[in-house]
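2 protein chains.
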Amino acid sequence: VRRSGQSGTILFYSEASDPSWPTELQKAFPTFAVRTRPEDTDPTDVVAAIVWKYPAGMLQQFANLRLIQVLGAGVDHLWSDPCLPKHVPIARLVDPGLTARMTEYVLLHSLALHRRLPELRSAQCKNTWRYLHPRPPADTCVGIMGLGVLGRSCAAALAGIGFNAIGWSRSRKSNMAVQTYIGAADLDEFKRRADIIVLLLPLTSATENLIDSHFLAGVRDGAALINVGRGALIVENALIAALDAGRLRHAVLDVFRTEPLPAEHAFWSHPKITITPHNSSATNPATALGQIVENIRRATAGEKLLHPVDPLIGY
Amino acid sequence: VRRSGQSGTILFYSEASDPSWPTELQKAFPTFAVRTRPEDTDPTDVVAAIVWKYPAGMLQQFANLRLIQVLGAGVDHLWSDPCLPKHVPIARLVDPGLTARMTEYVLLHSLALHRRLPELRSAQCKNTWRYLHPRPPADTCVGIMGLGVLGRSCAAALAGIGFNAIGWSRSRKSNMAVQTYIGAADLDEFKRRADIIVLLLPLTSATENLIDSHFLAGVRDGAALINVGRGALIVENALIAALDAGRLRHAVLDVFRTEPLPAEHAFWSHPKITITPHNSSATNPATALGQIVENIRRATAGEKLLHPVDPLIGY
Chain L
1 VRRSGQSGTI LFYSEASDPS WPTELQKAFP TFAVRTRPED TDPTDVVAAI
51 VWKYPAGMLQ QFANLRLIQV LGAGVDHLWS DPCLPKHVPI ARLVDPGLTA
101 RMTEYVLLHS LALHRRLPEL RSAQCKNTWR YLHPRPPADT CVGIMGLGVL
151 GRSCAAALAG IGFNAIGWSR SRKSNMAVQT YIGAADLDEF KRRADIIVLL
201 LPLTSATENL IDSHFLAGVR DGAALINVGR GALIVENALI AALDAGRLRH
251 AVLDVFRTEP LPAEHAFWSH PKITITPHNS SATNPATALG QIVENIRRAT
301 AGEKLLHPVD PLIGY
Chain D
1001 VRRSGQSGTI LFYSEASDPS WPTELQKAFP TFAVRTRPED TDPTDVVAAI
1051 VWKYPAGMLQ QFANLRLIQV LGAGVDHLWS DPCLPKHVPI ARLVDPGLTA
1101 RMTEYVLLHS LALHRRLPEL RSAQCKNTWR YLHPRPPADT CVGIMGLGVL
1151 GRSCAAALAG IGFNAIGWSR SRKSNMAVQT YIGAADLDEF KRRADIIVLL
1201 LPLTSATENL IDSHFLAGVR DGAALINVGR GALIVENALI AALDAGRLRH
1251 AVLDVFRTEP LPAEHAFWSH PKITITPHNS SATNPATALG QIVENIRRAT
1301 AGEKLLHPVD PLIGY
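Protein chains in written order, with my numbering: chain L, 1 to 315; chain D, 1001 to 1315.
Derived from the structure by calculation, the hints contain no laboratory data. Certain hints may be false.
[Said to hold, decoys possible] Taking lysine-lysine and the DSS-like style, the derived pairs with C-alpha atoms no more than 27 Å apart in a straight line are:
hint : chain 1 : residue 1 : chain 2 : residue 2
1    : L       : K126      : D       : K1304
2    : D       : K1304     : D       : K1053
3    : D       : K1191     : D       : K1173
4    : L       : K272      : D       : K1272
5    : D       : K1126     : L       : K53
6    : L       : K27       : L       : K304
7    : D       : K1126     : L       : K272
8    : D       : K1126     : D       : K1304
9    : D       : K1027     : D       : K1173
10   : L       : K173      : L       : K191
11   : L       : K304      : L       : K173
12   : D       : K1086     : D       : K1304
13   : L       : K272      : L       : K126
14   : D       : K1304     : D       : K1027
15   : L       : K126      : D       : K1173
16   : D       : K1027     : D       : K1053
17   : D       : K1191     : D       : K1272
18   : L       : K126      : D       : K1191
Here the structure is a predicted model, which is why all the values come from computation and not from measurement.
Looking at chain L on its own, in the form it has when it is part of the complex (with noise of 0.2 Å):
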């Protein structure tokens, strides 16, 4: 029996998340049971569901369920559920923790490409002094694809420590801080002056597969990536074929098609290859909870989300 207002049963599920998600749940819910697995919810019970990649068909069960508040910003893996509820209200976090995390990875990254980590590392494993001349960051051209709360950063951070930054996007965005390119029409302009891509896209039908070997012919030459959108925004053997080629000097990648990545992926060993276990960024509960304690709020009163997903344009 599902008990009405500041009461019932909040759903936790979640891989890879910070330890300390159930306790501080707990105690911003104190009315409320929090689980952290479905066999130990009464189905009937359960109000609201906190998920991050979640087994298909998981939701289906929670009758009276008023939320679905995805632990992070991107969304798409619930399109993968032929079973997500259909009339139930989906939100996405905006966590400032997120977005912090995110930028201090693309500046790590963007930093150590521009100062050619990579290579000084392949020296370093031939015994090889390798002097290579440090360069202003103003001499690198970081072009960021996806301009939302997270390209957004990233870029402003970019430019803040000196770097070239530019931003593509597929829709015009007001008021950016940076040199933007708009759509199909930009996108080879762009490609021709980014020496760093970092992919902050949402996985869409439109943007699925963006990054092919048409894609990739474009670049400029011995250009590097780095991927923090989705796994599947990159035709994986384009890749493998454009670094071979030396078209592209290195590629870091924190997302991919099939996570963990499985231990035979020919992208472990690749020497152009920087590999991160999804970990460029985490949803913090200190910075989150506030705004997934006001969605539960709205959730149970019937009002607008904070940002909600649309299901129809899959962000």
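Following the hints, position chain D against chain L.
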């Protein structure tokens, strides 16, 4: 025969510097002859020597030398020249470009250590997905040893991005933006706090071999080290022992007792050492030229130099 005033020969002698230096100097001093090899000069005509790691004895042949301008912040290599002319004023550079490149390097490697890139690289070498939750920079204390122009800039940038930055200095400094520990009395407390120790000390008789087994016994368990000061600050065997024992988790080394680092040196293949070829920073003609122009003017006019070096304290 030495010409007076705005003429004479300027000797520019430097390893591993921006290749545009001689051209830029000649443009700035059209009435002087700019030479890059002592054998291409009339020694009595040389009025200013702009140097970085010159062969010992090179300067004593220049009887009319009025300025030894070091092309960087560290001047310790001068003291290894037993024939350094005694009565010629010496200046070092405080170059905004040099400071900026150093700051970027320290930011890059502090972020890399904070985000555990060496550990993730080891995991990648084993085709292993090892998720490490991204922590905010505030969870990591970066301790800068040496609070001159470079150390202060690094401390400010680290604090600016959210690191818990602290500093240590031999003598009290004013107007420090970060918490500062002073002298031998504070060193143990400083070491107990720093997760990452950045060496930006000048090399003097007081700092040589400072990072020995005693020092390393007192650092935080699993601390990391970044050396952008001088190689001789560190006792090499003590460093390797601390890494092998796990007391230090990683060392990023840009400077070495012998440079280039000999091919047979144990540092090259140590799994917990990242080597860069003394390219953390370099003097930039665009930002440093004005200071050199001014010092040549002052030297020929007999005025006090910008950033004079005191041979008695060694920097």
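Consistency of the hints with the structure:
no. : hint                : in the structure
1   : L/K126 <-> D/K1304  : 47 Å, violated
2   : D/K1304 <-> D/K1053 : 24 Å, holds
3   : D/K1191 <-> D/K1173 : 19 Å, holds
4   : L/K272 <-> D/K1272  : 20 Å, holds
5   : D/K1126 <-> L/K53   : 26 Å, holds
6   : L/K27 <-> L/K304    : 25 Å, holds
7   : D/K1126 <-> L/K272  : 16 Å, holds
8   : D/K1126 <-> D/K1304 : 59 Å, violated
9   : D/K1027 <-> D/K1173 : 39 Å, violated
10  : L/K173 <-> L/K191   : 19 Å, holds
11  : L/K304 <-> L/K173   : 24 Å, holds
12  : D/K1086 <-> D/K1304 : 16 Å, holds
13  : L/K272 <-> L/K126   : 16 Å, holds
14  : D/K1304 <-> D/K1027 : 25 Å, holds
15  : L/K126 <-> D/K1173  : 43 Å, violated
16  : D/K1027 <-> D/K1053 : 24 Å, holds
17  : D/K1191 <-> D/K1272 : 20 Å, holds
18  : L/K126 <-> D/K1191  : 34 Å, violated
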